[in-house]
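What follows is each chain in one-letter form.
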Amino acid sequence: MEILYQSDIKFISMGAMILGSGGGGNPYMGQLIVEKAIDEWGPITVYSLSELKETDLILAIGVMGTPTVFLEKMLGGQEFLSLIHVVDTQFGKKPTHLMSAEIGGVNAMTPLMQAARLNLPVVDGDLIGRAFPEIHMNLTSLMLEKSSPIFIADEKGNYVFLHCINPQWNEKIVRHIALAMGGTGLIALPPLAPQNSRHAIVGGSLSLAKAIGQAIDQARKRKEDPVLAGCAQLCGELIFRGQVTDIQRNIVNGFLKGCLTIENKQDRLEVFFQNEYLLAIKNKKVMSTTPNLICIVEEKSGEGIAADEIRFATRVAVYTAPPDKRWLSKKGLQFISPRCFGYDIDYKPFTRSES
Amino acid sequence: MRRIGIDVGGTHTDMVLMDGEKIIKTIKYKTSIQVSESIQSGIKRLLFESQENAHNIQAVMLGTTHFTNAVVEKKELNPVAIIRLGLPATQLVAPLTDWPSSIKTIIHGGTFLCHGGIELTNQAISLLKKEEIERIIDFIQEKKIESVAISSVFSPLNDEHELAVAQLIKEKLPHCHLSLSSRIGRLGLLQRENATILNASLRVLAKKMLDTLKKSLQHIGISAPLFISQNDGTLISETEAKFYPVKTFASGPTNSLRGAAYLCQLSQAVIADIGGTTTDIGLIQQGFPVEAPLETRIAGIRINFRMPHLLSIGIGGGSKINPMTAQVGPKSVGYQLQKKAFIFGGPILTASDLAVAAGWMNLGKHHYIKHIDPAFISKGLQFIQTAICKSIKTLIKIDGQQCLVLVGGAHQLLGTHLTGFKQVIRPKYAEIANAIGAAIGQVSSEVNKVVDFSKTPRAKYLKEMKKKVIDHAIKQGAAINTVKIVDIEEVPLTYFPGNSFKLKIKAVGNLVAIKNQTSLHG
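In order, the protein sequence lines correspond to chains A and B. Each residue of the first sequence is one higher than the one before, counting from 1 in the numbering used here. Each residue of the second sequence is one higher than the one before, counting from 356 in the numbering used here.
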């Protein structure tokens with residue numbers, strides 16, 4: 001069991017940004033919300049997976065939709081109450097714990113936002129271990145029989161209980177509902193009982209996010225390289241340092257798709273993205289692919305930069321890290337290999353370089 | 356066109372009299388606390404020294420950090436009633452979140468979350484509730500709050516609600532200063548709201564300062580319009596500056612960058628503005644200052660203004676030198692140079708002393724520093740060079756292709772034999788580059804829209820918007836044949852259907868002197 005205080009939140013935010021692998025939304029707004037919530041409602045209790053009882057019920061939540069809308073509307077608060085209410089009425093039982101559905105990006109913060117106010121502890125973990133663009137891309141789709149029902153709520157008091165035949169249908173339909181709600185909505189995935197779902201949860205990811213942030217901060221204080229400090233926390237591998245020389249972005253089916261080019265004196269790295277960074281190719285050689293994390297960070301600060309915010313001429317470092325092992329199973333790769341995103345390339349397993 | 360460019364800095368005020376592209380006269384003097392009087396006497400001196408008549412002046416352009424300083428020093432800010440329209444959304448982040456508490460207490464005049472605000476789809480989040488606004492009006496009246504900040508969700512796309520609330524307040528409290536976020540900031544509620552609140556807190560000061568200044572100018576016979584430099588180096592009328600003081604925040608550094616580029620006739624350069632205490636380094640690309648990539652802050656408050664990307668290091672003419680290590684700065688004697696530096700018979704070894712000893716700068720009395728060991732002088736000057744070059748390298752790769760332009764009062768601290776640059780230039784008039792930047796300020800206009808290109812044909816829409824922007828620039832005072840589109844930015848909107856983009860088009864043109872200045876905003 002751990003208590004999260006206001007001073008911990010900025011580290012989680014930094015770590016979540018890196019685990020977002022280019023997407024997931026900027027956690028800073030989430031950080032402000034959580035810091036304010038702790039101010040008003042007190043610190044947050046976090047439990048590890050191993051501490052949960054068989055009678056507990058975990059509700060994995062996240063914000064879904066257009067980041068532009070989130071930066072204007074943020075959240076009202078009613079969304080959380082609606083989700084808890086609908087779970088209570090549908091399952092005859094209130095959730096006992098909140099958890100992040102997606103640790104990459106702003107959703108690392110989502111369960112922390114109202115946990116103290118609702119008197120609910122948070123589970124140290126999530127359902128992906130990083131960020132991915134579509135909601136069916138989480139471990140429950142792989143590992144559990146049922147991917148429904150899911151729930152979505154808005155600030156006005158609207159909520160929708162959704163039952164679909166498979167996870168891909170969940171994604172298709174719920175995204176339209178989020179648009180109808182104004183562009184964003186708070187989602188809850190099917191409530192999880194620990195004994196049936198431990199194998200579909202990435203335990204310890206909230207602590208990992210905090211550790212990444214703290215390592216970067218410490219490195220900066222000690223005038224050491226914050227890039228390497230962040231990379232080490234992920235047991236990752238540095239693959240490039242250079243300056244951003246070209247960015248191409250486009251909306252395809254509602255997702256931010258494109259390619260950016262980073263160059264240094266000798267080499268050239270191209271990073272392809274669809275919300276998240278999915279493919280890194282150096283001088284035409286494939287260096288890393290989804291589901292490996294591909295993290296682009298600011299050289300000086302070591303902090304992550306998202307695909308929708310990265311700017312021309314920024315000096316960056318790029319590192320890659322292995323994903324949760326479950327994504328590497330045959331079934332896992334069927335969800336999130338490069339071919340799933342339309343790239344004619346196979347998954348490249350993470351390796352350490354010889355040099 | 357005969358015009359006067361003025362830069363009022365913290366320590367010095369610089370002025371330049373220009374006629375078209377010709378620089379006729381320049382002066383530099385210490386800024387005094389009474390800004391208007393200071394400017395008035397400066398202009399009198401400038402006109403006298405150039406034997407020029409006040410009536411011949413067709414425009415006065417002022418770049419000032421007065422409003423930035425008011426925020427940074429927390430002086431002369433007025434309390435603000437803060438209205439946010441967006442219930443039931445936005446509640447999890449209150450206004451003034453993330454503000455340093457010292458400034459929060461000064462400007463806090465009540466925070467009100469109300470119904471209203473627009474969705475991205477252009478429907479209302481909720482309807483405005485008149486009774487909510489009426490209760491706020493009673494509060495404002497009772498507490499005698501003079502200024503109100505109104506921010507509505509998605510107001511840059513649809514300002515209906517902000518206008519409606521402004522109208523209600525104006526009817527009951529006609530003298531209340533109103534600041535609407537749709538006129539001030541871009542998308543991103545918190546940062547836009549922050550900028551609007553800051554603007555509202557500067558309204559009383561802005562009115563006082565600019566009204567006084569206008570009177571001082573008229574008093575000495577200048578009937579020409581007064582323009583103020585804004586963040587991007589373009590000009591706004593003094594009337595607009597009275598309503599939007601927050602638009603002038605980054606004008607100082609912007610003017611220094613543009614002035615430097617103008618003096619060298621370069622559209623691409625690295626600029627180092629070496630002042631009394633700091634050196635500010637920036638980049639010019641395609642004739643304009645390169646903007647800061649990440650979010651901008653002022654006094655620790657997040658605002659998402661386009662500001663020039665500047666690096667500031669603690670090296671300037673007044674920087675103290677460590678007599679053992681030859682380390683330069685960051686402590687500085689600042690404006691007390693003439694009292695404290697060796698070259699003026701003072702007790703403190705400063706960077707200027709080293710530059711004079713090396714023969715790079717002509718200031719004070721040489722005999723005060725002739726005893727300094729040449730090896731030490733070398734070491735100190737090398738320290739300055741290394742520090743400045745190191746900072747430049749974090750902004751841009753130095754590979755023999757870049758020109759470095761040195762401006763500012765202490766630009767002689769860097770020699771011109773720097774390796775790595777194609778050219779190092781110390782232009783004539785380098786020490787008043789800021790004032791020149793103000794004098795060459797252009798007029799701009801911008802349009803910001805969200806558009807779905809799957810519904811609206813792109814080519815036709817862009818053509819219409821470009822025309823709209825150009826027409827508006829001309830209305831602001833731009834000469835028709837000088838107006839150019841300088842920026843078209845299309846940012847795709849993630850997770851939105853169709854082919855939706857945030858579109859920004861900006862046009863800029865040279866100023867034509869206008870006789871009758873009408874207020875652009877009520």
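By construction, these hints were calculated from the structure, which means they are not laboratory data. Just so you know, not all the hints are guaranteed correct.
As the list claims (entries may be wrong) - Facing chain B, a subset of chain A residues (Cβ under 7 Å, in silico):
1) Lys36
2) Met143
3) Leu144
4) Ile247
5) Arg249
Don't be surprised by glycine CBs; every beta carbon is placed ideally from N, CA and C.
Per-residue hint verdict: methionine 143 of chain A, partner chain B, C-beta under 7 Å: Nearest chain B Cβ about 26 Å off; hint violated.
Leucine 144 of chain A as an interface hint toward chain B, with CB separation required under 7 Å: violated, 26 Å
message: The hint names arginine 249 of chain A as touching chain B; please verify it with the least Cβ-Cβ distance against 7 Å.
response: holds, 5 Å
- request: With a cut-off of 7 Å on the beta carbons, see whether isoleucine 247 of chain A makes it to chain B.
  value: With a minimum Cβ separation of about 11 Å from chain B (threshold 7 Å), the hint on isoleucine 247 of chain A is violated.
message: Does lysine 36 of chain A hold up as a contact with chain B if the rule is Cβ-Cβ below 7 Å?
response: holds, 6 Å
Figure legend: structure checked against the earlier numbered hints; hints not met, in rising order: 2, 3 and 4.
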